[in-house]
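Protein chains in written order, with the working numbering: chain W, 1 to 605; chain R, 1 to 605.
Among the hints, a few may not be true.
Treat identical chains as interchangeable: a pair holds within one or across any two.
[What the hints assert, rightly or not] Straight-line alpha carbon distances no greater than 30 angstroms define the calculated DSSO-like cross-link-like pairs of lysine-lysine that follow:
| id | residue 1 | residue 2 |
| --- | --- | --- |
| 1 | LYS503 | LYS19 |
| 2 | LYS503 | LYS286 |
| 3 | LYS213 | LYS19 |
| 4 | LYS19 | LYS7 |
| 5 | LYS238 | LYS522 |
| 6 | LYS84 | LYS16 |
| 7 | LYS7 | LYS304 |
| 8 | LYS252 | LYS84 |
| 9 | LYS19 | LYS165 |
| 10 | LYS84 | LYS349 |
| 11 | LYS304 | LYS165 |
| 12 | LYS515 | LYS225 |
| 13 | LYS304 | LYS84 |
| 14 | LYS165 | LYS252 |
| 15 | LYS522 | LYS213 |
| 16 | LYS84 | LYS19 |
| 17 | LYS225 | LYS16 |
Just so you know, these hints were derived from the structure itself, not from any lab.
There are 2 protein chains.
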Amino acid sequence: MAPQPPKPSAGAILIKPYKVQESPFYTHVAQSTGPVNIVTTAGQIGRNPDGSVPSDPVEQIRQALTNLRRCLDAAGARIQDVMKLTYFIVGFDHTNPRHRQPLLEFLGDHRPGSTLVPVPALALPEIIFEVEATAAVPQYPPESVDVVIVGAGLSGLQTAVDLYKAGLTVKVLEARDRVGGKTYSVPAQGSVCDVGAAWINDTNQSKMFALAKRFGLDLIEQNTKGSIVVDDGVGKLKTHPYGQLLSTAEDKEAIDDVVRIRDLFEETCQQIDISNPVASGRKARKDLDNITFEDWVRSHGPYKEDALNALTIGARAMLGVEPAEMSALYFLDYCKSGGGYMQMRSDLKGGGQYLRIAQGTQSLSRGLAGEIPPNAVAFMSPVRQIEQRAGGLRVVSARGVYEASRVVVSVPTPLYREIAFDPPLPPEKLRLSQATLLGDYCKSIVFYRSPWWREHGLCGLAQSCHGPFAVTRDSSVDEDGHYSLTCFVVGQPAREWMQLSRKGRDQAVLDQIQKLYGPFAKVEDPVDIVEQIWQNEQWSQGCPCPVMGRGGLTEFADVLRAPAGPIHFVGTETAYEWKGYMEGAVRSGERGAQEVLLAMNRAKL
Amino acid sequence: MAPQPPKPSAGAILIKPYKVQESPFYTHVAQSTGPVNIVTTAGQIGRNPDGSVPSDPVEQIRQALTNLRRCLDAAGARIQDVMKLTYFIVGFDHTNPRHRQPLLEFLGDHRPGSTLVPVPALALPEIIFEVEATAAVPQYPPESVDVVIVGAGLSGLQTAVDLYKAGLTVKVLEARDRVGGKTYSVPAQGSVCDVGAAWINDTNQSKMFALAKRFGLDLIEQNTKGSIVVDDGVGKLKTHPYGQLLSTAEDKEAIDDVVRIRDLFEETCQQIDISNPVASGRKARKDLDNITFEDWVRSHGPYKEDALNALTIGARAMLGVEPAEMSALYFLDYCKSGGGYMQMRSDLKGGGQYLRIAQGTQSLSRGLAGEIPPNAVAFMSPVRQIEQRAGGLRVVSARGVYEASRVVVSVPTPLYREIAFDPPLPPEKLRLSQATLLGDYCKSIVFYRSPWWREHGLCGLAQSCHGPFAVTRDSSVDEDGHYSLTCFVVGQPAREWMQLSRKGRDQAVLDQIQKLYGPFAKVEDPVDIVEQIWQNEQWSQGCPCPVMGRGGLTEFADVLRAPAGPIHFVGTETAYEWKGYMEGAVRSGERGAQEVLLAMNRAKL
């Protein structure tokens, strides 16, 4: 593979002074090195995002450090950039320094300076620990390029590659310390597992298939051999061979309901014109945009609960939201962008979940990054300001300032608000950013010694309208001896599950696997669990695709892709085809590059 | 008007991290941006400059924040540059966070990070609040110019304009965020009021009259129609038509005393040679320099108290000092610089207080600033070091470092000590800086719905040897519907008045207006009061002109204007004519420019 972008160097040099007694927990002196931005934080306390405070003191300390980590992330600072920490501790007992273990986990190998201050109280009576940090974030030299791209996910990288190949100079500013965005392949059990986007196909996802071939990646056909397990919440658990109707309903009427609503949805979906969804078909479809997907289902009822439940599982598994949270037209258009509801949900050839990548989908992003110069990507560089000036654009990131003629923003629409645009974005673009909702989308990937489900005639697909997970899929890489079930914890059940401790979350998933698979197979003990909560990721804030509520497409269908002067917008949600998928991301990246080249009269380069 | 110099950008970007609960009182993360100087402060406590501590806890907190504001000012840091605050609070009660209101007033719209640390005690038993700050002050790129001018008051700007017109490159480093120094026009009641220098004339202040014409400003004749009110402290209140002898004395002897000492003073004054005051007249006047003005008056006595009181009011109103605090020769020379005591004190044509400027006197400074390039003035840039090196001078300001062949210092003599000169200034120059005293000079400008004093045949001039104010003058701008009395709180009474709260100060002024005017007119309720305490201004430290005590002129008459190598000195106190007035400032600025041009052999440019 081509050389990858270099990781940023540390901003703080730690120094051991002569004849001052050393500590295993901190270093006495820190020195910033080179040009740096100084980052300071407010004192962080152990409050959860909802304002609650864990009752267990150690959990409270852990939460304060989690908040400090979020503060540092927000400023593009890594642990290695921290120069100094100050702890304020109520009721400190030097014989039981209970902050120490969470702190060592937080610090890793880094040992910045620290001061521990026992105090009689903190700002609120329930708070027993507060921590603040000073960090030094190294600054790259100022640079002037043709185009700055904000975000090194698939869409941003595709834009960068196309522009670079057309002869322009590019700089990709990535907030994380890796490329890939929601393509994120994590090493586990001698293999990798995809905690984000995982599937492509070779039929109607031409971009993805071409990239996989270009980068020499190995494709794995999704396992659909055998039966699936279904729990739609109203009857008993059942198994069906893959491809049969998914329902536990016993009576014919209920099964008819499921079929009828599914077929009606598919039929309506096929009428949508993805180039202009609001005006689809013989009449404008504002009616479909003015009701939620749930109300649309109910309006064609009455239906038995299991018909509703089946579509609820679909909405959750596909977008991480509840049927009441998106407009019917939005969901119809979303499904149509992948060829229709049936095709998008399918694990068979041509379906949305047909092929996996043995090396992980992040290899696609790494492959694209390898096609631009290594120093064209700057990591840990969240963009905080984009200013239009007489001479061009000035982009202020956490690690440097860049001048450019054009900027391509590839972050999800709700994250536009994290950037101070000067002049501000057009009001409709800001409303778009505020109006779109990112799904609650988590994966809990459970590793086993063997694919025990296959031995019992099961393919690893399970569906449940009970939480925490809605769906499982076989995510094994047999060649690596990697056997896993990926559990999709999505929508409303995810919101409750995320409140649990890590241990509680793992147990809840294992319990549900036992409950669903136990009646049909002997469930092995797991060897590892990898989890990913996309909603906790500062630079994603959810997954897979920002969703629009009632009236959203009517208001924003044209706003979504409209440039704001010299600032362009890409990202999978802006795609016409395969929204929310890697294919959509790459297609939007190509569109963004075309826009820039046209605007710069460089189309023919 | 020509484009004005740009305001500096903020040094701190405030960042809201994802999933950390927001607060209305602070922001979790701050990041310095671009090249900055980092500013840290000691913990600030609520001590007054005299060491006393307010007994009211909230006043103590307010004073601590005032001290912090002074710390930031000293380093050229604005509130917007503050990244982090830390509060230490004794007896903190989270149900009654009494620091909050003063803090919000201090912060304005800015919300830096903060940590609140309840503590059992602070360094002194009476202290209940301490606050420290970290700020990031953006740095301009290094620059090399022919001449750096320190201070953008009238004298510095006049020097800059003359040098710029002679073809030199200039940089004016101004500690404040505005031009004008002691010309400061504050918007109020739909008009402006001059809280600093306010009067010019068109007879013997040729420079000021020319500038006013050049900048198209509207002149207002000072109102002297009607009577003045006099309270010289020994008799009853009286009114006299403007221009008559000012005294409440009843007996002829006392009135004769007043006339005699006034005439003697004027006669002596007229003998002074302003180009060489110490050698004035037939014999050297060291004798006049070796006694204070008070002793000089007494030495020609005995007088009744009201004769002394009349001259005390004069000293206070003209220089903000007591008659015992300056040498007789200094005051004589000061008066002579404006044509004599009678002319300097006069509000009639040719007098020191004949014409006001409807747009405010700061318009004169803005006009001058508009005649040099906008980026030739750098705001919030107090100069801290001036180093002479082989290649020239290096001037270190809070926001940048500049190289120059010459430097012109336009700050008041007592402020030379704020700058570290390397090599140090000549010892006599340092002694000058230490020996000169800035007056206690305050204005309390009281706005009314109508000029009620005029309806009762009064011109708005009042004199009083009781505090708080010594003099009032009509400062209305009738065209704007702006009616006000400017009350001069000066000298010893000002020192006591400044100790009061703002509310107390306002009330004391209103009480005195009632006391003086009440017997002769129906005093309206005020609609607004604007006050200015020049002694509290870090970059003025008093007003209008540094005063010399006994022996001062003998020692410093030649030192005052002498350059120190390539460093030149201007400012109204260095003028020959109209010292302490705007006219003097501008004339000194012209003299400074001529010195530089001569020294650089550019006189003919």
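The hints, checked one at a time:
no.: 1; hint: LYS503 - LYS19; in the structure: between (44 angstroms within a copy, 21 angstroms between copies)
no.: 2; hint: LYS503 - LYS286; in the structure: neither (46 angstroms within a copy, 62 angstroms between copies)
no.: 3; hint: LYS213 - LYS19; in the structure: neither (60 angstroms within a copy, 39 angstroms between copies)
no.: 4; hint: LYS19 - LYS7; in the structure: between (34 angstroms within a copy, 26 angstroms between copies)
no.: 5; hint: LYS238 - LYS522; in the structure: within (16 angstroms within a copy, 97 angstroms between copies)
no.: 6; hint: LYS84 - LYS16; in the structure: both (14 angstroms within a copy, 21 angstroms between copies)
no.: 7; hint: LYS7 - LYS304; in the structure: neither (55 angstroms within a copy, 67 angstroms between copies)
no.: 8; hint: LYS252 - LYS84; in the structure: neither (68 angstroms within a copy, 68 angstroms between copies)
no.: 9; hint: LYS19 - LYS165; in the structure: neither (57 angstroms within a copy, 39 angstroms between copies)
no.: 10; hint: LYS84 - LYS349; in the structure: neither (55 angstroms within a copy, 57 angstroms between copies)
no.: 11; hint: LYS304 - LYS165; in the structure: neither (55 angstroms within a copy, 89 angstroms between copies)
no.: 12; hint: LYS515 - LYS225; in the structure: within (21 angstroms within a copy, 100 angstroms between copies)
no.: 13; hint: LYS304 - LYS84; in the structure: neither (60 angstroms within a copy, 58 angstroms between copies)
no.: 14; hint: LYS165 - LYS252; in the structure: neither (59 angstroms within a copy, 97 angstroms between copies)
no.: 15; hint: LYS522 - LYS213; in the structure: neither (38 angstroms within a copy, 95 angstroms between copies)
no.: 16; hint: LYS84 - LYS19; in the structure: both (20 angstroms within a copy, 23 angstroms between copies)
no.: 17; hint: LYS225 - LYS16; in the structure: neither (61 angstroms within a copy, 48 angstroms between copies)
Checked against the numbered hints above, the structure violates hints 2, 3, 7, 8, 9, 10, 11, 13, 14, 15 and 17; every other hint is satisfied.
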